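Once you've looked at the hints, dock chain H against the given chain W.
Take a look at the letters that make up each chain.
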Amino acid sequence: DSGVTQTPKHLITATGQRVTLRCSPRSGDLSVYWYQQSLDQGLQFLIQYYNGEERAKGNILERFSAQQFPDLHSELNLSSLELGDSALYFCASSPSTGAQETQYFGPGTRLLVL
Amino acid sequence: AQSVAQPEDQVNVAEGNPLTVKCTYSVSGNPYLFWYVQYPNRGLQFLLKYITGDNLVKGSYGFEAEFNKSQTSFHLKKPSALVSDSALYFCAVRPRWDDNDMRFGAGTRLTVKP
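If you read the sequences in order, they're chains W and H. Numbered by the numbering used here, the letters in the first sequence go through residues 41 to 154 in order. Numbered by the numbering used here, the letters in the second sequence go through residues 419 to 532 in order.
FYI, nobody ran anything at the bench for these hints, they're computed from the structure. Honestly, I wouldn't trust all of these hints.
[Said to hold, decoys possible] Each computed BS3-like pair below joins lysine-lysine, with the alpha-carbon atoms no more than 30 Å apart: (1) H:Lys495 <-> H:Lys467; (2) H:Lys531 <-> H:Lys467; (3) W:Lys49 <-> H:Lys467; (4) H:Lys487 <-> W:Lys49; (5) H:Lys476 <-> H:Lys440; (6) H:Lys531 <-> W:Lys97; (7) H:Lys476 <-> H:Lys495; (8) H:Lys487 <-> H:Lys440; (9) H:Lys487 <-> H:Lys467.
Owing to the predicted nature of the structure, the values given are computational and were not obtained by experimental measurement.
This is chain W alone, in the form it adopts within the complex (with noise of 0.2 Å):
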């Protein structure tokens, strides 16, 4: 058990529609990070937060969306599904933001667009 908790761990949708998944992360650690998992593009970074402020951008779509709050637990937004948005999500998180800190990660949200 990594400390870093998501939820919820299925969901499961219809295109057009909107769902916010949920990190908690690590107890102290004050980054967050999501990723999608997909067949086809492998693990991809998506997003990250430090502190509550966006930090980086990676291959996020404009129709998902993300913030932080005060208590550092994290959302994801997904808008606009589409059957290609099936995918995992995961949520990792850091004590900060150096570049040789490990990334620790939730169990994932298991998301089918049908």
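For chain H alone, coordinates are given in the frame of chain W:
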């Protein structure tokens, strides 16, 4: 552009035999290198990382990895494989000057047969 490659999609070994999962990278300078393992329906678990110093890094569950600068490789090894080591293994690379960009390889599925 930086990249990381895991040249083998699948590695099969017999229980008790040594195992090697290969990783090569393309990043200027000396990057930080990581290995993660993913069991079915689970998140990624951190195994080990290379920051600096000794080229041989020891990690969790008896795994180790050797950083080879001249060959730009960071192969994961274990002297004696267990059936329970069967999982998906990911190599990741992060440049020292860019703490926002962690790139993962496509993953190698390790199967250890009794």
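Query raised in the report: What are the numbers of the hints the structure violates, in ascending order?
Result: 4 and 6
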